[in-house]
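Could you put together the complete structure from these sequences and hints?
So the sequence lines, in the order shown, correspond to chains A and B. The numbers in my numbering rise by one with no breaks, and the one at position 30 of the first sequence is 30. The numbers in my numbering rise by one with no breaks, and the one at position 187 of the second sequence is 187.
Rather than coming from a laboratory, the hints here were simulated on the basis of the structure. For glycine and all other residues, C-beta sits at the position ideal for the given N, C-alpha and C. Take the hints with a grain of salt, since some may be wrong.
Sample of chain A residues lacking proximity to chain B, with all beta carbon distances greater than 10 Å (derived) [unchecked claim]: (1) VAL46; (2) ARG65; (3) GLU148.
To be clear about the criterion: a stretch of chain B counts as covered by chain A if any three or more of its residues have a C-beta under 8 Å from a C-beta of chain A, and this derived list gives those stretches [claimed, not checked]: (4) 298–307; (5) 340–348.
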Amino acid sequence: MQDWKDLYRQSQADETTGPILFYNDTVLDHFTNPRNVGEMEPGERVGFALVGDPTCGDQMKLWIRVEDDIITDIKFRSFGCPGAIATSSMATELAKGLSLEEARELTDDDVITALGGIPEHKKHCSLLGITAMQAAIQDYLLKQMMAEAEDTDDDLP
Amino acid sequence: MIYLDHNATTPIRTEVLDVMGELQRTLFGNASSYYGPAREARAVLEKSRAEIAGCIGANPGEIVCTSGGSESNNLAIRGAARALRGKGRHLITSSIEHPAVLKTCQDLERDGYRVTYLPVDSRGMVDPAEVERAITPETLLISIMHANNETGVIQPVSIIGSMAGKHGIVFHTDAVQTLGKIPVQVSEINADLISLSSHKVHGPKGIGVLYVRKGTPLHPLITGGSQERGLRAGTENFPAVAGFSAAVSLALNTMERDAARITGLRDRMETEIANRIRGVKINGAGSNRLPNTSNLCFKGVDGESILLHLDLKGICASSGSACSTGSESPSHVLLAMGLDPHQAQSTIRLSLGRETSEQDITATVDALTMIISRLRSISSL
Numbered sequence: 001m002q003d004w005k006d007l008y009r010q011s012q013a014d015e016t017t018g019p020i021l022f023y024n025d026t027v028l029d030h031f032t033n034p035r036n037v038g039e040m041e042p043g044e045r046v047g048f049a050l051v052g053d054p055t056c057g058d059q060m061k062l063w064i065r066v067e068d069d070i071i072t073d074i075k076f077r078s079f080g081c082p083g084a085i086a087t088s089s090m091a092t093e094l095a096k097g098l099s100l101e102e103a104r105e106l107t108d109d110d111v112i113t114a115l116g117g118i119p120e121h122k123k124h125c126s127l128l129g130i131t132a133m134q135a136a137i138q139d140y141l142l143k144q145m146m147a148e149a150e151d152t153d154d155d156l157p
Numbered sequence: 001m002i003y004l005d006h007n008a009t010t011p012i013r014t015e016v017l018d019v020m021g022e023l024q025r026t027l028f029g030n031a032s033s034y035y036g037p038a039r040e041a042r043a044v045l046e047k048s049r050a051e052i053a054g055c056i057g058a059n060p061g062e063i064v065c066t067s068g069g070s071e072s073n074n075l076a077i078r079g080a081a082r083a084l085r086g087k088g089r090h091l092i093t094s095s096i097e098h099p100a101v102l103k104t105c106q107d108l109e110r111d112g113y114r115v116t117y118l119p120v121d122s123r124g125m126v127d128p129a130e131v132e133r134a135i136t137p138e139t140l141l142i143s144i145m146h147a148n149n150e151t152g153v154i155q156p157v158s159i160i161g162s163m164a165g166k167h168g169i170v171f172h173t174d175a176v177q178t179l180g181k182i183p184v185q186v187s188e189i190n191a192d193l194i195s196l197s198s199h200k201v202h203g204p205k206g207i208g209v210l211y212v213r214k215g216t217p218l219h220p221l222i223t224g225g226s227q228e229r230g231l232r233a234g235t236e237n238f239p240a241v242a243g244f245s246a247a248v249s250l251a252l253n254t255m256e257r258d259a260a261r262i263t264g265l266r267d268r269m270e271t272e273i274a275n276r277i278r279g280v281k282i283n284g285a286g287s288n289r290l291p292n293t294s295n296l297c298f299k300g301v302d303g304e305s306i307l308l309h310l311d312l313k314g315i316c317a318s319s320g321s322a323c324s325t326g327s328e329s330p331s332h333v334l335l336a337m338g339l340d341p342h343q344a345q346s347t348i349r350l351s352l353g354r355e356t357s358e359q360d361i362t363a364t365v366d367a368l369t370m371i372i373s374r375l376r377s378i379s380s381l
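Okay, here's the thing in structure tokens:
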């Protein structure tokens, strides 16, 4: 019998023609060996976010550590489908080492491109990692602002 | 490969293939035509029909051949709804039916019918008392499945059937999951309409039957010819009907022995999983279940992620019903049983079959132990 992947390609079916789940090797690699899994202790250099996808129940926690406006480390935990796990893993890979400014430019399309594509109806999963990332950056920036405000308060006579 | 998705479909038996191959090679006649080969095809068709009828304690004239379980369910519900429009426009069903029943009922609602979707208890059972309370003078049909495809929970159809009969209401049951696993006898189920499917009992795909008790009012869905007593037009697919009858006869020959063996395997699997993996819930465990079905909720891990890990190890399983694969909404059956969406999303279904071995179960338990621990180390819950 022919390899089903060959048949699939020959049929020129795209991911929208049916609920066939066809993850490429890069996605499978990030699913089976997700990068940057873990947690961080809270701290002034750490931003944290907990986000959920109300359409499917996926949930994600993400931490970033920032030194001199650069994301030096990221950790995440995820309750989600293979699409959510793989895209979150790739999102952390892409963001690590970027400045906050650069990381804020990252989109779910960047994650999907880096993975070499994911099934059409799984694309919404890729939003989770990016949303968590942006929320963690916000959390960090807010913390900095509050810390600065406190510093300013201390300076007052 | 370890195949644990028998509630989705089953491998066709070689004996069945032999019967069908021989017929396809040697007999091409249209069973409704006038000449020798046609009469031969007709003879095969009627012999097979009688065999299927015999398997469920029906008369051959009460067996309508269809393209499968979904068509049988559609014919039963739409056919009865149309035929009995004069009586009323109310149907009763349950919230755990197969989509072939649920979507059909929803479609009828758009045509002005009213449908009561009965709840189930936390064990996944429909309460016959609730069925009786839902009956109105307008009620034309009650449709409650024989056993649920996701949890394997067997429904009290016999009681519901007698009750429907007492009220003079047509009773339909979707017995697609029970045929060949537990007894399906017309006299015990008290149903007027029973849906059956071939490929769930190691027969060919694309063939099923609807049992129609003599005298039950029914309109056809597919018109165009007088085949199947005018209830289902289309040239009769007699090789497939013969394949189905061979498959169901073979299944019934060894049903008791197979059921005992498969129950043993399933129970061992569930015990070992519960012993080795914490945070496991067996959905429907408190109920009378099909011998082969296990619906397992693993706290804090996503069902599809479990399935893909199993798939990468060559183990075929399912989350809920196969029809829901790729859809994002959690199982309607589990939600109806009161599970929260996260629990429903953390559930997989393992359904065993006649070729499942002790080694398959051992390998599956080992694989699951590893997979769950791995996914929990990632999980945010």
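Do the hints match the structure? See the list:
Distance check for A:VAL46 against chain B: the nearest CB is about 16 Å away, which clears 10 Å, and the non-interface claim stands. Every beta carbon of chain B lies more than 10 Å from that of A:ARG65, the smallest distance being close to 18 Å; the non-interface claim holds. At roughly 30 Å from the closest C-beta of chain B, the C-beta of A:GLU148 stays outside 10 Å, upholding its exclusion from the interface. For the segment 298–307 of chain B, the stated coverage by chain A holds: 5 residues have a C-beta nearer than 8 Å to a C-beta of that chain, and at least 3 were required.
Check result for the segment 340–348 of chain B against chain A: holds, 3 residues qualifying (beta carbon to beta carbon below 8 Å, three or more required).
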